[in-house]
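Each chain, letter by letter, is given below.
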Amino acid sequence: MMKLSKYVLYDIVRSKIILAYTLFLLIVSVSMFQMEENSSKAMLSLLNIVLIVLPLVSLVFTTIHYYNSYEFIELMSSQPMSRTRILMSEYAGVSISLLSAFLAGVGLPVMLFAADATGYALLFTGICLTLVFTSIAFLASVIARDKARGIGLALLLWFYFALIYDGLVLLILFSFSDYPLEKLTLLLSALNPVDLGRIFIMLKMDVSTLMGYTGALYKDFFGSNTGILFTAGIMLVWIIVPFWLAVRKFKRKDL
Amino acid sequence: MIRIENISKRFRKLQVLDNITASFEKEQVVSLIGPNGSGKTTLIKCMLGMVKPDSGKILVNGQLINGHPSYREQIGYMPQIGRYPDNMKVGQLFRMLQNIRNIPDEKTDRDLFQQFELEKIAGKPMRTLSGGTRQKVSATLAFFFNPALLILDEPTAGLDPLASEILKAKILAEKKKGKLILITSHILSDIDELTTHIMYLQEGKMQFFKNMETLQEETGELRLGKAIARIMKGEKFTSEWIDKMLEVKDNERIY
Numbered sequence: 000m001m002k003l004s005k006y007v008l009y010d011i012v013r014s015k016i017i018l019a020y021t022l023f024l025l026i027v028s029v030s031m032f033q034m035e036e037n038s039s040k041a042m043l044s045l046l047n048i049v050l051i052v053l054p055l056v057s058l059v060f061t062t063i064h065y066y067n068s069y070e071f072i073e074l075m076s077s078q079p080m081s082r083t084r085i086l087m088s089e090y091a092g093v094s095i096s097l098l099s100a101f102l103a104g105v106g107l108p109v110m111l112f113a114a115d116a117t118g119y120a121l122l123f124t125g126i127c128l129t130l131v132f133t134s135i136a137f138l139a140s141v142i143a144r145d146k147a148r149g150i151g152l153a154l155l156l157w158f159y160f161a162l163i164y165d166g167l168v169l170l171i172l173f174s175f176s177d178y179p180l181e182k183l184t185l186l187l188s189a190l191n192p193v194d195l196g197r198i199f200i201m202l203k204m205d206v207s208t209l210m211g212y213t214g215a216l217y218k219d220f221f222g223s224n225t226g227i228l229f230t231a232g233i234m235l236v237w238i239i240v241p242f243w244l245a246v247r248k249f250k251r252k253d254l
Numbered sequence: 000m001i002r003i004e005n006i007s008k009r010f011r012k013l014q015v016l017d018n019i020t021a022s023f024e025k026e027q028v029v030s031l032i033g034p035n036g037s038g039k040t041t042l043i044k045c046m047l048g049m050v051k052p053d054s055g056k057i058l059v060n061g062q063l064i065n066g067h068p069s070y071r072e073q074i075g076y077m078p079q080i081g082r083y084p085d086n087m088k089v090g091q092l093f094r095m096l097q098n099i100r101n102i103p104d105e106k107t108d109r110d111l112f113q114q115f116e117l118e119k120i121a122g123k124p125m126r127t128l129s130g131g132t133r134q135k136v137s138a139t140l141a142f143f144f145n146p147a148l149l150i151l152d153e154p155t156a157g158l159d160p161l162a163s164e165i166l167k168a169k170i171l172a173e174k175k176k177g178k179l180i181l182i183t184s185h186i187l188s189d190i191d192e193l194t195t196h197i198m199y200l201q202e203g204k205m206q207f208f209k210n211m212e213t214l215q216e217e218t219g220e221l222r223l224g225k226a227i228a229r230i231m232k233g234e235k236f237t238s239e240w241i242d243k244m245l246e247v248k249d250n251e252r253i254y
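Chains as they are written, first to last, in numbering that gives the first Met the number 0: chain A, 0 to 254; chain B, 0 to 254.
These are calculated hints, taken from the structure and not from any lab test.
Don't take each hint at face value.
As the list claims (entries may be wrong) - Derived DSBU-like pairs (lysine-lysine); straight-line CA-CA distance at most 35 Å: (1) B:119 - A:250; (2) B:119 - A:15; (3) B:176 - A:146.
Claimed, not checked - These stretches of chain B come out as covered by chain A in the derived footprint (C-beta under 8 Å, 3 or more residues): (4) 48 to 54; (5) 127 to 133.
Think of the CB as a built atom: it goes at the ideal place given N, C-alpha and C, for glycine as much as any other residue.
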């Protein structure tokens with residue numbers, strides 16, 4: 000499988016988009032740490048970058064890459080190579096390049112300026128979100144018939160996870176504000192990897208003390224080992240399930 | 000070597016393949032002919048596993064094809080329109096496929112590589128190649144790994160006369176080695192000298208599958224184009240396609 004991934008990686012590196020992405024992340028994170036005197040403030044700004052930009056770039060980049068390498072996929076499928084292996088190699092190639100961009104662009108500065116629990120939580124969330132949204136993008140591209148639809152679907156998914164979902168949650172919380180909703184919100188957060196990541200990092204920060212009773216409850220849960228396991232487990236589900244669906248669909252697809 | 004049993008395929012409303020059963024053996028050169036959209040390419044893609052038939056089975060060497068992809072090690076495929084990764088160079092393409100198939104240098108078949116003088120363009124990216132040169136690359140790739148079965152989709156379309164003679168000579172040579180060769184073509188004069196069996200498809204149905212001797216005996220014609228035209232007329236298929244093709248050819252060629 001690595002053989003094929005090597006060629007996928009080679010193709011990605013040649014296009015230089017990943018390099019631009021790395022530079023962008025590096026400049027943003029370094030300047031955040033330089034501008035803010037308090038590194039935890041910088042982390043808060045960085046958190047928003049990670050939660051908004053990372054999913055967007057992962058989705059769009061993966062979708063475009065998939066359609067650009069359609070010829071490659073076609074060629075490979077006439078060779079003695081299973082479809083599962085082809086798609087897995089593509090996934091490995093794309094996610095390795097996106098992850099290295101993230102680790103070089105955000106990982107390095109965080110390690111230099113804020114190597115504490117919050118920093119590690121941020122890196123963990125960033126890695127998970129990259130993998131999750133690469134998976135989701137593969138699913139979207141396999142389902143959509145052409146490039147325009149594929150990218151449209153990817154953007155729609157991003158809107159949903161980054162913006163619309165929060166609106167829906169707020170709506171639910173307002174409408175049912177008379178009831179105890181702590182458990183429900185915990186469940187709702189698991190249904191959106193971006194929210195899950197946000198809560199996971201926020202509770203490592205000092206700001207969590209401002210969140211009152213709910214915050215205390217969350218802190219109790221996410222601060223414990225069960226909370227970390229829960230987050231990791233849910234993220235893993237978000238990585239595996241969409242990709243598994245994509246492989247299943249891809250195997251039955253006519254090329 | 001290949002057995003096709005009751006293959007059917009429908010693309011939405013269009014029945015592309017309708018209950019096709021046939022069996023091909025070694026040392027045969029089978030020509031798949033039929034008007035545009037008669038399902039030739041789809042049938043080929045079914046054999047390669049690129050299109051999944053709705054019903055029916057395909058066996059290669061007695062092995063059902065929707066299991067392990069290893070059966071494709073014995074197949075060399077030349078697509079109708081060769082689409083390759085844009086950034087990849089010609090030399091790289093060959094090296095990559097060799098690497099993936101894990102075949103040592105001495106086992107590759109470089110006849111066409113030399114005859115088409117591909118060495119000269121080994122450093123050129125695939126996107127800069129003309130349609131004909133691309134066809135040369137596709138043809139060379141199909142023969143490169145010495146497969147026992149060759150599937151050539153419109154091999155001579157787009158090739159200059161010299162190249163198409165080289166390719167025909169190569170096909171004849173491989174036939175003598177006891178390989179099974181499947182060809183689709185519209186240019187009947189091209190396959191005339193090569194073919195041993197004719198399979199005629201129309202609107203996804205197999206009209207007949209005969210060997211050349213039977214065909215010549217039945218029609219009293221030695222030339223493939225005329226023999227088929229006679230059959231078409233005799234069996235009242237009223238295929239304008241075959242008439243048109245013969246007309247053009249009579250003007251163009253001197254027998």
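We went through each hint and held it up to the structure:
{"no.": "1", "hint": "B:119 - A:250", "verdict": "violated, 38 Å"}
{"no.": "2", "hint": "B:119 - A:15", "verdict": "holds, 28 Å"}
{"no.": "3", "hint": "B:176 - A:146", "verdict": "violated, 44 Å"}
{"no.": "4", "hint": "48 to 54", "verdict": "holds (count 4)"}
{"no.": "5", "hint": "127 to 133", "verdict": "violated (count 0)"}
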